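Chain A is fixed; fit chain B onto it per the hints.
Protein chains: 2
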Amino acid sequence: MHFLRVDMTTKRITIQKVEEKYRLLGNRGLIARLSCDEIDPQCHPLGPGNKLIIATSPLDGLGVTCAGRLSAGGKSPLTGGIKEANAGGVAATKLVRHRVKAIIVEGTPQPGELYILHINKEGARLKSAESLAGKGTYGVAEAVYAEYGKDAGLIAIGPAGEHRLATAGVFVNDTDGDPSRPAARGGMGAVMGSKGLKAIVIDNDGTFTPPVSDEKAFRDARTAFAKGILEEPAIRIYTEYGTMGMLMSLNALSALPTHNFRKGIWEKAEEISGDKLHDLILERGGEGRTTHKCMDVCVIQCSNVFPDRDGKKIVGPLEYECTALLGSNLGIDDLDKIARITKLCNDVGVDAIEVGAALGVAADAGVLKFGEAERVEELIKEIGAGTLLGKVLGSGAEVAGKTFGMTRVPVVKGQAMAGHEPRGIKGMGMTYAKSPMGADHTAAATYRSQVDHHKAEGQMDASRNVQVAMAYYDNFCCMFVSRGLIKKPERFVNLINAIYGTNLGTDYLTTLGKEIIKLEHAFNIAAGVTQEYLPEFMRSERLEPLGLVSDIPQSDYDRFWEESFWGKMPDVKR
Amino acid sequence: MHFLRVDMTTKRITIQKVEEKYRLLGNRGLIARLSCDEIDPQCHPLGPGNKLIIATSPLDGLGVTCAGRLSAGGKSPLTGGIKEANAGGVAATKLVRHRVKAIIVEGTPQPGELYILHINKEGARLKSAESLAGKGTYGVAEAVYAEYGKDAGLIAIGPAGEHRLATAGVFVNDTDGDPSRPAARGGMGAVMGSKGLKAIVIDNDGTFTPPVSDEKAFRDARTAFAKGILEEPAIRIYTEYGTMGMLMSLNALSALPTHNFRKGIWEKAEEISGDKLHDLILERGGEGRTTHKCMDVCVIQCSNVFPDRDGKKIVGPLEYECTALLGSNLGIDDLDKIARITKLCNDVGVDAIEVGAALGVAADAGVLKFGEAERVEELIKEIGAGTLLGKVLGSGAEVAGKTFGMTRVPVVKGQAMAGHEPRGIKGMGMTYAKSPMGADHTAAATYRSQVDHHKAEGQMDASRNVQVAMAYYDNFCCMFVSRGLIKKPERFVNLINAIYGTNLGTDYLTTLGKEIIKLEHAFNIAAGVTQEYLPEFMRSERLEPLGLVSDIPQSDYDRFWEESFWGKMPDVKR
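The listed protein sequences derive, respectively, from chains A and B. Numbering follows the working numbering, with no gaps: position 244 of the first sequence is 244. Numbering follows the working numbering, with no gaps: position 192 of the second sequence is 192.
Hints are not guaranteed to be accurate.
Copies of the same chain look alike in the list, so a pair counts if it fits in one copy or across any two.
Claimed, not checked - The calculated lysine to any residue pairs, modelled on SDA-like cross-linking and capped at a C-alpha distance of 25 Å, are:
| hint | residue 1 | residue 2 |
| --- | --- | --- |
| 1 | Lys11 | Thr442 |
| 2 | Lys573 | Arg408 |
| 3 | Lys573 | Ser540 |
| 4 | Lys573 | Glu457 |
| 5 | Lys488 | Gly458 |
| 6 | Lys276 | Asp556 |
FYI, nobody ran anything at the bench for these hints, they're computed from the structure. Note that the structure is a prediction, hence the values are computed from the model and not measured.
Chain A with its partners taken away, still in its complex shape:
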């Protein structure tokens, strides 16, 4: 396996053998390690000192379920700290087929330069992307398929990334060819834009299969791994309803962000629920799919395709986080409208969570009214068009809050919260405050932890343990695997051992998870990104209708980084 190193200043591309120390690292773990090894934490996120790292999984390319995640990372223009965002889609596996474990994009080109990085069996090269300038991701996909074939892997940015806006994501094409799988959070699309890279195209002519140490053990372990996921009853909600299956549960817990995080239970939640989505898809038929896989090998298939009344796809998938942040958070109770807005976010190339939160803040400032779906569409189009208002909103909730002088701004480390209200599920407050990623639900959604979510007790331990687990899952595969495998970690290490000829015990996983988070935390300290608390309003304002506040004691926050749990922090160059 190789690192493909692309210097956008000199346009030199080099292929580099992967050092031993990176062998078992992938996705988030590889980004954590490479960022600490190579990126100056004091660099400007959009400057030549930052790097855009695209990373694959150490399990990818071998038919292992859920291992085709693609990560994008580096220093975040949104938080100023380290960032890893990941997505499904088909591009990661195609990179592995070309022996590419990671792409490391360095330097910056001259202003105005715009490129495609094209990878095929002959190698990798930069080509002008002038004709794609300003195009939405769907337009990019269309142009790319016309030139490189429908079976190409695609990693692209929309106009928001070209504008270098901190809500811009990196979009990956899915099994239907839609560029609808965003490595959305933290503005890695802006970093890609700052590198003058509009798209990475990977031809489907790669033939490499990673070597396996013990074929028989591997096949057994792979089967057990997949079975381990499906055996867990909790996984079924994802296979049938996808992430939207959570909406009514989160609403019941008073954790559905509504009207810029004013309410946790919404009287209109049923209208945008997983059941409603499921019924609508079945009723409308056509291109609709209640279950759908985003990558080639996946036994969960949590994705969906949401069709309009004529059965024509509006967007695939429509996910919970989009529905919460663009729906209830903006007072929009109509799945058709939310689906269209989500599609627009994908096309403009922005993180629906961050933009939904920014629009919630803007609604408080009078820029729009809650419930005005058409106005939301207009405003997201403004982000794509790069109008001034579009740039403010496209810079995320914190910048919008500062510009409009608002105090109810649901961010930590400059990143907006996802659809898990931390007053309704108090453990999320610990996750949002302490994750090196900023307010990120994927760092540790605690709603399956055995705690009373409305009480402060036990949330620190719950969040910390889940954060460590998510970090090691994020190193290898889709985090939804954890639903099935968290109690069967031996199936996970068996798979790793069979491929890599290692002899790891299950304790390896938590050690790895801790190492990843420690690297990220150390990077942030060196970058000066150390806000570890929730916004004031969540600690003082009661969340309707249950009157909940975030009241985990400071002493629990203070204990989070204790050396007895983590061990010594690593040094990071600066």
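Then chain B, alone, in the frame of chain A:
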């Protein structure tokens, strides 16, 4: 002496005896101590948890020269950390005449409420300021003088403060009645706006004179203190040319920010120099004044009044920092234009440094062209009018940089650098990086330190020592006093001892300076504000024309907070 505590939520005003521990603290030191004692570092700067602290000097009210400074502080909406900004003017002494050592404004009113806090011999009360809504500071002054008399003290915000923009300052009236003395930096005007406070008016009917422990010793010490300032030859440049006397020296050192910090030496510098200003004022006569005092008792009188061709005042004063950031930094080489822009900044109520830096970033983004003075005037008017562009620029250089996706953004901790380029005077890089205030020249201008300003060696010690000295001067009086007294600290402590009956040695001063900075640093750590490095471009891009970069080694930055110098850090509640 009292603390006047004003709760804007309940509208309750209480008078509180000053505890012993605050007795010798004033201005910056009092704000540091009160912020740590009373403000939750995790609060939102514009929320009810923050406080606006207006503090006076422990030497004020006794005819001590330069002791009439007024400080405004609390948690900064610009940096997210602690902030103290101070100004001259006549209001501080009038507060002391009413026994007010500090005003502590707490809570927040309902949206739309706007008040005057009126203080006279009968007490203090809140009155509606509805008729002043949206008014510039000069309009506020006019209305206030009509109602309360020309001899009233005034502390006011312009429309920028009402818009809660992070460039908004707190403006104090001077000896001519102009509201032209800004406690400008860090957005304390936005905090005042968030408290619904348009102005604080202090009637000139206060009669209190602070008690003095030893009258004879005090009179001798006061005389020696004033003489000590004037004996120092270095002070003469301030008495004759004011701060503008520095311009050509800083230009010679390659430290005059030009074209958004692209050059340090400007070929047009003579056009905006202190000599040019001096000559123009003498030539034009009329209301012009080459020297002028901002407060009632001042032997330095560094202020000036700049007249137009007809001898009519444009603005008083025109200072170096305004000339650098609104002049050379924006490519404007005409003092008349710079004076008009400065006046506009005072009226709109913004920090000329922060706005000048934001406009420099905006010029790089194509919002204006360098040298377009009329466009600059338009844009500052937009800040006052609260247009979207005005709000973006009025949020400061960092928000402007994020919105426009720029990398050359001259800020640390979100605050813009002043007119001391840290590549031309390398010690300023240490000051900007390490001061708890963000990039603030008043924290420690090192250009008088005995070091080679173009070399990295010795800058850490130079900056650290000056930071400590500035902190204790900032506790008592105008920092320009330091020019005369830094080598005669006994004249400083003699004065304090005579007033307070203490028996302090000169070591008290450095101990105090360290204590103040340690409190501020601890507050910032608790607030999660820990960026301590310069922007990437200043470490990589060579400053024209000498090709200088900021290259102080990281090890020097790392040594700054060493315990052997500072002692143990204080705990701060959170």
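Here's how the hints hold up against the structure:
no., hint, in the structure
1, Lys11 / Thr442, "neither (35 Å within a copy, 44 Å between copies)"
2, Lys573 / Arg408, "between (36 Å within a copy, 23 Å between copies)"
3, Lys573 / Ser540, "between (39 Å within a copy, 17 Å between copies)"
4, Lys573 / Glu457, "between (37 Å within a copy, 21 Å between copies)"
5, Lys488 / Gly458, "within (23 Å within a copy, 58 Å between copies)"
6, Lys276 / Asp556, "neither (39 Å within a copy, 61 Å between copies)"
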